[in-house]
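Participant: Residue numbers (the working numbering), protein chains in the order written: chain R, 462 to 883; chain L, -16 to 429.
Where hints are given, some of them may not hold.
[Unchecked claim] Computed beta-carbon distance windows for the label pairs:
{"no.": "1", "chain 1": "R", "residue 1": "PHE775", "chain 2": "L", "residue 2": "GLU88", "range": "49 to 59 angstroms"}
{"no.": "2", "chain 1": "R", "residue 1": "ASN854", "chain 2": "L", "residue 2": "GLU349", "range": "48 to 58 angstroms"}
{"no.": "3", "chain 1": "L", "residue 1": "ASN84", "chain 2": "R", "residue 2": "LYS871", "range": "23 to 33 angstroms"}
{"no.": "4", "chain 1": "R", "residue 1": "ASN844", "chain 2": "L", "residue 2": "GLU88", "range": "39 to 49 angstroms"}
{"no.": "5", "chain 1": "L", "residue 1": "ASN84", "chain 2": "R", "residue 2": "LYS513", "range": "49 to 59 angstroms"}
{"no.": "6", "chain 1": "R", "residue 1": "GLN801", "chain 2": "L", "residue 2": "GLU88", "range": "50 to 60 angstroms"}
{"no.": "7", "chain 1": "L", "residue 1": "ALA204", "chain 2": "R", "residue 2": "GLN801", "range": "54 to 64 angstroms"}
{"no.": "8", "chain 1": "R", "residue 1": "ASN854", "chain 2": "L", "residue 2": "LYS301", "range": "49 to 59 angstroms"}
{"no.": "9", "chain 1": "L", "residue 1": "LYS301", "chain 2": "R", "residue 2": "PRO851", "range": "46 to 56 angstroms"}
Simulated from the structure, these hints should not be mistaken for laboratory data. Computed from a predicted model, the values in this text were never measured in an experiment. Backbone N, C-alpha and C define an ideal beta-carbon position, used for all residues, glycine too.
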Amino acid sequence: MTDISANFLGIKSPNPFWLASAPPTDKKINVLRAFEAGWGGVVWKTLGSQVKNVSSRYSAVNYNGTKVMGFNNIELISDRPLELNLREIKECIKLFPDRAMIVSLMADNTREKWHELIAQVEDTGAHGLELNFGCPHGMTERGMGAVVGQDPEIARLVVEWVMEKATVPVITKLTPNVHSVVPTGRAAVEAGSHALSLINTIQSVTGIDLDTFVPNPNVAGKSVFGGYCGPAVKPIALKMLATISQDPVTSKVPVSGIGGVSTWKDAVEFMLLGATTVQVCTAAMKHGFRIVEDLCEGLNNWMDEKGFKTINDFIGKSVPHLTQWEELDINYHIVANIDQTKCIHCGLCYIACEDGSHQSINQQYGKPYNTYTIREEDCVGCNLCKLICPVDNCITMVEQRKGPEYVNWKEFQLRGMPLNDH
Amino acid sequence: MAIKNNRLTAEQYQQNFSDIHPPFDSRESALVEANRCLFCYDAPCTKSCPTEINIPKFIKQISTDNVKGSAHTIFAANIMGAGCSRVCPVEKLCEGSCVYNLLEEPPIPIARLQRYATEQAMEKNWQLFTRKPATGKKVAIVGAGPAGLSCAHILSREGVDVTIYEKENKGGGLMTYGIAAYKVTPQFCEQEVNYITALGGIQIKYGQELGKHISLAALKAQYDAVFLGFGVGLARQLNIPGEELEGVVDAIRFIYNIRAGAYDRVPVGDKVAVIGMGMTAIDAATQAKRLGAQEVTLVYRRTQAEMPCTEAELDLAKLDGCRIIWLAAPAMIKGEQGKVTQLVCNLMQLGEADASGRRSSVETGEKFILEVDMVIKAAGQIPFEELVTSNQLQHAQGKITVQKNGATNIPGVFAGGDCVNGGKEVVDAVQAGKLAANAMLDYLSS
Ligand SMILES: Cc1cc2nc3c(=O)[nH]c(=O)nc-3n(C[C@H](O)[C@H](O)[C@H](O)COP(=O)(O)OP(=O)(O)OC[C@H]3O[C@@H](n4cnc5c(N)ncnc54)[C@H](O)[C@@H]3O)c2cc1C
Ligand SMILES: Cc1cc2nc3c(=O)[nH]c(=O)nc-3n(C[C@H](O)[C@H](O)[C@H](O)COP(=O)(O)O)c2cc1C
Ligand code: SF4
Ligand code: SF4
Ligand code: SF4
């Protein structure tokens, strides 16, 4: 039997799927329905100093008819009274004792305020704390959120204050609005943070109304940079997660992966790059809590197929496959091959290679259907045509090594091997 | 049994003759399909459109909310793009070649998208072309059908003054008078003609028939060049006994009456036989049924493999409840008191392939009888052979002979459309008018 449960620093959850700190986790009725739907845990919407939200708050990027490929928001932390949140957290833990309850925090920047908030939150029985060092808007003007996460020394200081007081596991949530997440991640771990989570949202402008000239989202004719999330940010989140998993300091602590997870496949990718649990926000905001069903079933079936008994069997499995460019094997060479029985003659591979790559595809006129063939001697094996072809497995890349042995770039230069001539 | 009109209620007529390919209800539904389009390169659909509309481009433009640009892309290649989007037999043209067919998936509804863009252009009266300054050249066009209008629009765009001589009192040609009412309405045809001529520089003189009110010689003398786009005439005679009986009608005339008048004024029989299996035959059969005929039978001398109409059209007739008898050739029409009562047919079988590769049909010697009170002849149309010969135009069985660019044997006289090809589709006529216009521009500037 496959076991998909997670154990994150002793915080147990029946599955590794947590709802990220955001509107889906901001009140009791939501959280109870999420638990009923099957979510393994929640990170309660960030608590801290009193704020007030504006309207509107969200905007999105649509792509070729698909809505909300990317999502952005200018919301702040919870704008509900702290006491109400604390009471509801307690009630949720009581009703669902088997689920993970993490509470996200962002106190005013003094030791006292942090200690006070931590004491209040721990009173609820919460299993862990997540420090929000990532909110890219609104809070930064007050010296909170991303401002803390962008400066490793401030982050170190705040984590130290937290560790003085906290008795439950502490997760530091990193902002992606930095050139590298590693320095802040290290500072947090060195200051005692038990774990890391990433990413928070990325500063963005999703678009502009071409009639009013106001960027989105529009608040009475003005806008501000919003935090970007959803499927569009997944590749960036994965890369940042990978750097945390590669670093000797940050890789020592467990990580909760966040950013654009919508399907069980996305989740598995985060886990393969080192995440023990994954957090979801946008997908749940878009489709509702019901998506957790397929997250669990898909993960379960995939693990079954691969023979993984627990999630620990594959967490981090892809990290060693990432290397430095200089280490790549230059003798490895592939060329495209078109399966003529599958080809539907759309010409997309041809024009892509012709205008965007290496002019390696022949076009033979036919009415109405042209025939397309690869000129192998010109093909550089870039994958472009294969990526663009609308038919699955119609274009495959066939290995045609340039030489039998592994040769990296340094070696290549030493031997004075030939450069491209076209 | 009797032939009579006013068989149905107003609502029934309304329903029977409503739009057979309804447009998209909303921008969203159009976008779902527009976004499915793969934006093929050197697209098979474009190659299969006789006017070579840049289909991937106009569909992409719909999906980027550039509907005006989309309409321009369509009209630049085919000024009757709006009409074509309703009447083209797309299953054998663009949509028939869409690459999705090769994935066993429904093709992109190209015509419906084309209608989406062009309908907005017409409704909002976007004038997407401007005339170049007048060149002082004058051209006469005979026939305000698709060929003539297409030719006129391109010439006028280039600053040529165009006068169209049209024998009827409406423009549009068979678009207005021939094509089934559930594809285009007379009002639409009129709007389309107005939209096209709104460019300016195109004057249509109605009630002017070549050979009657005007002569080719006079046109040649008055104008710098002439384009002939007068189409083809009535249905081919069957040349069988009984053809003169009351109740034997010509499909074109029958449809003309439906198009030109009110549905309740068009008489139709109880039991109708339609002879032929082309588009005209299908249109006549389905419209007879929709006018209230109880039984409609299509009679064709060959088999389904040889039929000139498309599968989709055949399905249309079947769905309307028309019966089809393959391998049956009319031999004689019998009547009582001068009125049709029976159609006698020879049972046929397929013989050798003829020069065109189509198998001929030969009599088996057996006969059968259909009890009918109306026979509609739709076995092809005949060209205006006399008009053509009397004007010393080179021709083949009345079809004007032209070079690739539309030039006839008479210098300065060009021709295109049905009067050249013997009767194809609207889109072919538009393309012929376009090619001829370009050749005429060369001719005028040389
Ligand atoms: C019943 C029927 C159904 C059809 N259905 C379809 C369909 O669904 N889709 C499709 O694409 N095509 C269809 N067609 C074919 C299509 O209508 C023709 O191919 C197209 O209209 C040809 O255009 P044209 O300009 O060459 O000729 P026409 O459309 O025939 O136009 C010729 C014009 O010249 C005028 N004219 C004729 N003689 C003279 C003269 N001596 N002097 C002055 N003017 C003259 C006529 O009144 C007419 O206006 C159908 C045809 C028929 C008969
Ligand atoms: C409307 C909204 C509000 C959010 N509020 C918070 C918050 O209060 N605290 C926090 O740590 N992250 C907050 N986030 C960030 C999410 O927790 C998450 O890190 C981010 O959205 C990326 O995940 P996703 O791609 O699954 O949405 C918010 C995101 C959204 C969309
Ligand atoms: S792999 Fe790249 S270079 Fe080779 S044929 Fe495809 S697009 Fe061209
Ligand atoms: S992209 Fe694929 S389907 Fe299209 S022409 Fe190329 S090989 Fe064929
Ligand atoms: S063939 Fe089909 S998918 Fe390709 S461009 Fe044409 S309509 Fe679009």
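Participant: For each hint, tell me whether it holds in the structure or not.
Facilitator: Here is how each hint holds up against the structure:
1. R:PHE775 <-> L:GLU88: 49 to 59 angstroms: 36 angstroms, violated
2. R:ASN854 <-> L:GLU349: 48 to 58 angstroms: This hint holds: roughly 55 angstroms between Cβ atoms.
3. L:ASN84 <-> R:LYS871: 23 to 33 angstroms: 52 angstroms, violated
4. R:ASN844 <-> L:GLU88: 39 to 49 angstroms: Cβ of ASN844 (chain R) to Cβ of GLU88 (chain L): about 25 angstroms, so the range 39 to 49 angstroms is violated.
5. L:ASN84 <-> R:LYS513: 49 to 59 angstroms: Taking Cβ atoms as reference, ASN84 (chain L) and LYS513 (chain R) lie about 57 angstroms apart, which means the hint holds.
6. R:GLN801 <-> L:GLU88: 50 to 60 angstroms: Taking Cβ atoms as reference, GLN801 (chain R) and GLU88 (chain L) lie about 19 angstroms apart, which means the hint is violated.
7. L:ALA204 <-> R:GLN801: 54 to 64 angstroms: Check passed, 60 angstroms falls within 54 to 64 angstroms.
8. R:ASN854 <-> L:LYS301: 49 to 59 angstroms: Since the Cβ atoms of ASN854 (chain R) and LYS301 (chain L) sit about 39 angstroms apart, the hinted range of 49 to 59 angstroms is violated.
9. L:LYS301 <-> R:PRO851: 46 to 56 angstroms: Since LYS301 (chain L) and PRO851 (chain R) have Cβ atoms about 34 angstroms apart, the given range 46 to 56 angstroms is violated.
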